[in-house]
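Chain order of the listed sequences is X and P.
For any residue, its number in my numbering is found by taking its place in the first sequence, counting from 1, and adding 1098.
For any residue, its number in my numbering is found by taking its place in the second sequence, counting from 1, and adding 18.
Please note that the accuracy of each hint is not assured.
Stated by the list, open to error - The following residues of chain P were derived to be distant from chain X, with all beta-carbon distances above 12 Å:
id	residue
1	Q133
2	V158
3	V184
Claimed, not checked - Derived list of chain P stretches under chain X, where covered just means 3 residues or more per stretch with a C-beta under 8 Å from a C-beta of chain X:
id	region
4	33-47
5	80-90
6	95-102
7	151-157
Unchecked claim - Just some of the chain X residues that point at chain P, by a computed CB distance under 7 Å:
id	residue
8	F1167
9	V1209
10	E1211
11	L1261
12	A1306
13	Y1329
14	R1346
These are computed hints drawn from the structure, not numbers from a lab.
Source: prediction; values computed, not measured.
Positions of the beta carbon are idealized from the N, C-alpha and C atoms, including for glycine.
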Amino acid sequence: MSRARFIWGEGCVAIFGIDTFCRDTIDKELVANCLKSAQGDTTYLHWLLQAWGTAVALSVLALIVAMTFGVLMGILRTTPHRLLVLVGDVWTEMFRNVPLIVQLFLWYYVVPEFVPPLKSVPPFVLAFIGLGLFTSARISEQIRAGIQSLPRGQLYAGLAVGLTLPQTYRYVLLPMAFRIVIPPLTSESMNIVKNSSVAFAVSVPELAMFYRQAGEETSQVLMFVAVTLLYFISAFAINRVMKWVEKRVRVPGMVGGK
Amino acid sequence: MNLDFSFLSWEVIRAYVANGFIFSIQLTLVAMVGGIALGTVLALMRLSGKKWLETPAAIYVDTLRSIPLVMVIMGFYLLIPFMIGRPIGAELSAIITFTLFEAAYYSEIMRAGIQSVPKGQVHAGYAMGMTYSQTTQLIVLPQAFRNMLPVLLTQTIILFQDTSLVYAIGAYDLLKGFETVGRNFNRPVETTLVSAVVYLVICFSLSYMVRRLQKKIQIIR
């Protein structure tokens, strides 16, 4: 290769070994274009970004699953129907009292045995379902606490003006409860990003997996810093989005409003 | 689909799982005691009102709280040979990591607990002629611990669940014990199921007890 093609790599401050990111993952040669190797192999930077993409996709999909089931179960646990309360309670206790890594193993090893079609589903899908349901238990706790923190009179007032129970929830209780629980939901959303790292256990190629492999091949310190930085950025981005939502839905005179 | 648990005899459990279970408990207890001790110091530093104490404690707590536990476990285990020149075992590495990591979480709980003690208590202590350390030890901390006991215990249950993450560095804990049995007998489905039930039973009964305790404390106050 000509000298000119190395300029990119040398520009990457070799002191800290940052040029590692521009090296090919197979032959460890510096590559002119940092993002793609000429031979069709990949550079460490490219691999890192792919792992980041996987981690973010995993977190976002898991968050959707978690919100859906968490909100549903949280609502069930506050209804006057004992059977519905029981369903919500059992759900929450089940997903809250088994460690996440064990739950991912359950989805990976056990569930496909009972549901054969799941055998052909990639681990990524099983991981985001598992992570989502694990977090749904925590979200259901927050939603329940949020609804129960409202004065009982709100429910009675809704029913007294002739709303049905679902209507009372839709128009009276939930709009207030949601605004109360946005801060705890923000921290649960950030936890999901951190917890997505556990998916390495079922061989999802996300950031923790990348660190495990790339750290062994190159510099431990550099890869550790890069990966933790990306986790931090992702969690921070989610935090900003949630803060934006919190601001958007603020109602004057109500919780958090002016 | 047919499950067969017959291979799980007491001998097998004693041989493979018991050691792992003992390690999980050990890890939980050491990290709890060490984490609460270190966490209390961190919390006192953050509430001291002195910049040079507050800043390092805040950086320590916020940094650790923003890194996934898995990364801390793997990072510490893989980086320690660079720092001290030789590797330490996965088990010892896990114990150190968990103590340092949990301290950050316990310190946040302790901080809330200390702040929940009314300021008048501190002033009363000073008015009696007590020093800072006397007021802290004899008046503030006992009340803070009492207020925070349920939360500290809940965090400990989470800690016990999180100990399963030492899987990342191959330390031999409860989960690893079951996993080893599953691999040796080629029965991963059954062992995964059993390990989940074991964790569920332990954590559910512990959190049930914490809830009972919480009710009891509430009545006393």
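Outcome of the hint check:
no.: 1; hint: Q133; in the structure: holds (17 Å)
no.: 2; hint: V158; in the structure: holds (27 Å)
no.: 3; hint: V184; in the structure: violated (10 Å)
no.: 4; hint: 33-47; in the structure: violated (count 0)
no.: 5; hint: 80-90; in the structure: holds (count 6)
no.: 6; hint: 95-102; in the structure: holds (count 3)
no.: 7; hint: 151-157; in the structure: violated (count 0)
no.: 8; hint: F1167; in the structure: violated (18 Å)
no.: 9; hint: V1209; in the structure: violated (10 Å)
no.: 10; hint: E1211; in the structure: holds (5 Å)
no.: 11; hint: L1261; in the structure: violated (33 Å)
no.: 12; hint: A1306; in the structure: holds (5 Å)
no.: 13; hint: Y1329; in the structure: holds (6 Å)
no.: 14; hint: R1346; in the structure: violated (25 Å)
Hint check: violations occur at hints 3, 4, 7, 8, 9, 11 and 14; the rest are consistent with the structure.
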